[in-house]
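Engineer: Sequence:
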Amino acid sequence: METTPAGKTHAIVAYLTFLGWIIAYFLNRDAKNTFATYHIKNMFGLLLILFVAQIMQTQHLLFGEVLWLLAFVLWVISLVMALTNKQKGIPFLSEKFQQWFTFLE
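If you're matching positions, the sequence shown starts at 0 in numbering that gives the first Met the number 0 and goes up one per residue.
Just so you know, the hints here were simulated from the structure itself, not pulled from any lab data. Note that the coordinates shown come from a computational prediction; the quantities given were computed from them, not determined experimentally. Incorrect hints may appear among the rest.
[As the list claims (entries may be wrong)] 20 Å max Cα-Cα, derived SDA-like pairs, lysine to any residue:
1) 95 - 69
2) 95 - 2
3) 87 - 61
4) 95 - 75
[What the hints assert, rightly or not] Label pairs and their calculated CB-CB ranges:
5) 61 - 2: 14 to 22 Å
6) 25 - 51: 19 to 27 Å
7) 85 - 57: 29 to 37 Å
8) 58 - 83: 30 to 38 Å
9) 64 - 92: 15 to 23 Å
Backbone N, C-alpha and C define an ideal beta-carbon position, used for all residues, glycine too.
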């Protein structure tokens with residue numbers, strides 16, 4: 000029987016839209032949890048990629064669409080990792096997100 004990590008609910012909520020990310024961030028501020036923090040940082044990075052994709056769509060539609068689709072696929076992978084109790088994410092990018100977004104701890 001696999002145990003559910005503390006903070007799993009916050010981690011999953013973080014992947015539910017931008018509003019979900021904000022809610023998870025503020026809930027995790029009160030009771031720090033490494034599992035939730037990992038996924039909150041990961042989603043923040045994905046949100047930045049989505050923001051860049053939106054901007055790119057105004058300049059170069061095809062590149063913006065491809066970047067948006069890539070971000071969507073990475074979001075699904077990350078959500079599945081949170082649902083399956085794994086502190087994993089996107090190869091290479093998740094590691095960088097953890098290093099870059101230390102202000103979210």
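Engineer: Now, for every hint given, state plainly whether the structure supports it.
Structural biologist: Okay, the hints, checked on the actual structure:
1. Simply put, residue 95 and residue 69 have alpha-carbon atoms about 17 Å apart, close enough for the 20 Å limit, and the pair holds.
2. Restraint check for residue 95 and residue 2: the C-alpha separation of about 27 Å exceeds 20 Å, so the hint is violated.
3. Of the pairs offered as hints, the one joining residue 87 and residue 61 is violated, with about 30 Å between alpha carbons and a cut-off of 20 Å exceeded.
4. Simply put, residue 95 and residue 75 have alpha-carbon atoms about 19 Å apart, close enough for the 20 Å limit, and the pair holds.
5. Look at residue 61 against residue 2: about 45 Å separates their beta carbons, and that is not inside 14 to 22 Å.
6. Checking the proposed 19 to 27 Å range against residue 25 and residue 51 shows it holds: the Cβ atoms sit about 25 Å from each other.
7. A beta carbon spacing of about 36 Å between residue 85 and residue 57 agrees with the range 29 to 37 Å that was offered as a hint.
8. At roughly 37 Å, the beta-carbon separation of residue 58 and residue 83 lies within the given 30 to 38 Å, and the hint holds.
9. Between residue 64 and residue 92 the CB atoms are about 20 Å apart, so this pair conforms to the stated range of 15 to 23 Å.
Hint violations for this structure: numbers 2, 3, 5, all remaining hints satisfied.
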